[in-house]
Amino acid sequence: MSKVSRLGASFRDPSGFLFTHNGGLYRQINHSYAAEYDRLMGSGLYERLVKAGLLIPHREVDISPAEPDLAYKVIQPESVRFISYPYEWSFDQLKDAALTTLTLQRRALKAGMSLKDASAYNIQFVNGKPTLIDSLSFETYQEGLPWVAYRQFCQHFLAPLALMARRDIRLGQLLRIYIDGIPLDLASRLLPWSTRFNLGVFTHIHAHAAVQARFAERPIERSKMQAGMSRQAMFGLLDSLEATVRGLKWKLDKTEWGHYYEMTNYSNAAFEHKKRLVAEWTERLQPKLVWDLGANTGVFSRQVRGAEAYVVAFDIDPLAVAQNYLQVKEAGEKNILPLILDLTNPSPALGWDNRERDSLAQRGPADLVLALALVHHLAISNNVPLPQIADFFAGIGRWLAIEFIPKSDSQVQKLLRSREDIFSHYTREDFEQSFGRRFKIHSGVQICESERTLYLMECVKPLQ
Amino acid sequence: MLIFISGLMDKAPYLDPGSGSFLLQLLIAGIAGLGIFIGAQWSKVKAFLTGKKVVKEDEDDESDDEQG
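The listed protein sequences derive, respectively, from chains A and B.
The working numbering applies: residue 1 is where the first sequence begins, and numbers increase by one.
The working numbering applies: residue 465 is where the second sequence begins, and numbers increase by one.
Just so you know, these hints were derived from the structure itself, not from any lab.
In this text, a Cβ means the ideal position worked out from N, Cα and C, and glycines have one as well.
Where chain B lies over chain A, by a calculated footprint (3+ residues, C-beta under 8 Å):
no.: 1; region: 8-16
no.: 2; region: 145-158
no.: 3; region: 207-220
no.: 4; region: 236-250
What follows is a list of derived Cβ distance ranges for each label pair:
no.: 5; chain 1: A; residue 1: Ala-210; chain 2: B; residue 2: Lys-516; range: 36 to 44 Å
no.: 6; chain 1: A; residue 1: Gln-232; chain 2: B; residue 2: Ala-511; range: 15 to 23 Å
no.: 7; chain 1: B; residue 1: Phe-512; chain 2: A; residue 2: Pro-183; range: 47 to 55 Å
no.: 8; chain 1: B; residue 1: Ile-500; chain 2: A; residue 2: Phe-202; range: 18 to 26 Å
no.: 9; chain 1: A; residue 1: Val-50; chain 2: B; residue 2: Gly-503; range: 37 to 45 Å
no.: 10; chain 1: B; residue 1: Phe-501; chain 2: A; residue 2: Tyr-178; range: 36 to 44 Å
no.: 11; chain 1: A; residue 1: Gly-332; chain 2: B; residue 2: Ala-504; range: 38 to 46 Å
no.: 12; chain 1: B; residue 1: Gly-503; chain 2: A; residue 2: Ala-210; range: 24 to 32 Å
Kindly generate the complete structure, drawing on both the sequences and the hints.
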């Protein structure tokens with residue numbers, strides 16, 4: 001019996017939709033989009049974009065469509081190892097995704113097509129590079145018509161980038177509230193007044209917001225908008241957007257963890273010992289999907305072995321994630337995806353019916369979760385009792401490599417310095433007992449020259 | 465031209481492009497176009513005064529769009 005279900009995030013565009021069939025992911029193309037799809041494939045644009053790593057490759061398949069009455073074709077896109085969202089990206093990831101979108105639009109125009117949407121959610125990191133995953137985003141370009149996705153581009157990319165660069169890096173998190181990008185009037189109000197002297201930001205955000213407000217109650221007939229936007233002007237607009245995006249730079253401030261490895265209290269030998277254990281254990285387990293929680297700049301993520309291993313390196317600190325992403329870019333690493341995540345408030349399910357964007361747990365379970373030098377932050381800084389921490393890990397991974405740092409350790413002492421010690425249940429015995437309820441502890445290795453222990457556990461009672 | 469426009473009207477985009485966002489693009493296009501026009505005229509005046517020929521730039525360079 002085959003099982004077909006339509007994806008919750010795929011409903012806005014009438015051109016087609018995503019569905020799963022016996023565990024595989026497919027995209028139905030509707031008859032209404034047939035001509036555009038044939039043009040994408042026939043013009044050579046598809047081939048060029050795929051070759052450049054700008055568009056996800058797909059193949060046409062012969063399976064029954066989810067809605068046969070509407071169906072023109074069914075395609076199977078190449079699978080993406082981990083779906084991430086713009087509110088989890090560092091500044092440079094969002095910036096690169098923006099530049100990729102502009103490149104796609106420029107190349108589409110040269111082939112007589114245009115992007116009909118510019119959603120940041122259509123971009124995913126594939127082999128370390130931002131890539132368009134929605135093959136149905138192209139339509140035939142009609143000279144004279146302005147870019148239909150201009151507003152969406154400004155809301156999804158330009159506004160958050162400007163706010164992060166010119167006001168505060170944490171404002172990227174507004175994308176979590178506004179699922180269709182940050183409203184331009186809000187961005188305009190939040191940006192420093194001085195940004196009006198930046199021609200691009202002034203035009204595409206401040207003036208844009210003002211014009212939107214002026215015409216909000218006075219919709220203009222589309223017939224009156226057709227003329228005037230020549231092909232050359234369209235390229236000019238793209239140049240202006242690109243220059244504005246490139247001109248936005250985040251000055252790397254000192255954040256919480258950016259220099260973490262320079263401030264650790266343990267020896268080089270202990271550090272190397274931990275690295276060796278991660279390499280040995282992953283060599284043995286051969287995990288495919290690894291979540292490194294509290295990955296910092298990804299030092300231990302890079303110790304993960306396994307032919308098919310893909311490591312998602314989460315950290316709360318935007319600077320650490322930014323540095324990690326720069327390393328990925330510089331070295332052309334294809335199997336590491338750095339992301340920003342606050343584990344005390346992980347990404348929830350969002351959007352219409354809470355089904356458009358998956359929560360962190362919905363994107364799991366991982367084959368292996370790494371939690372190195374992490375538990376004391378959850379247990380002491382965030383007051384989460386150890387049994388609840390064990391439950392959380394049992395909900396997201398099959399195997400767990402987790403480090404326990406006792407109270408006597410100076411890093412834990414530092415956390416306790418400014419507060420009363422109410423953590424009588426934070427002991428190695430309590431830790432083993434709490435995790436033992438859900439995990440089988442395969443090994444517990446004392447890290448040399450330290451009081452820390454690294455455990456390898458297998459989840460035997462996952463959360464339902 | 466009218467047939468062309470009515471063709472566009474039939475195929476409404478699924479996104480709301482926003483009236484203001486559409487108008488702003490036309491405005492930018494207009495200002496940019498004016499700038500290019502003035503620039504071109506100025507080049508001609510300069511060329512006339514200096515006696516040098518105006519060299520046309522190739523606008524369609526494929527190498528413009530590689531990302532780092």
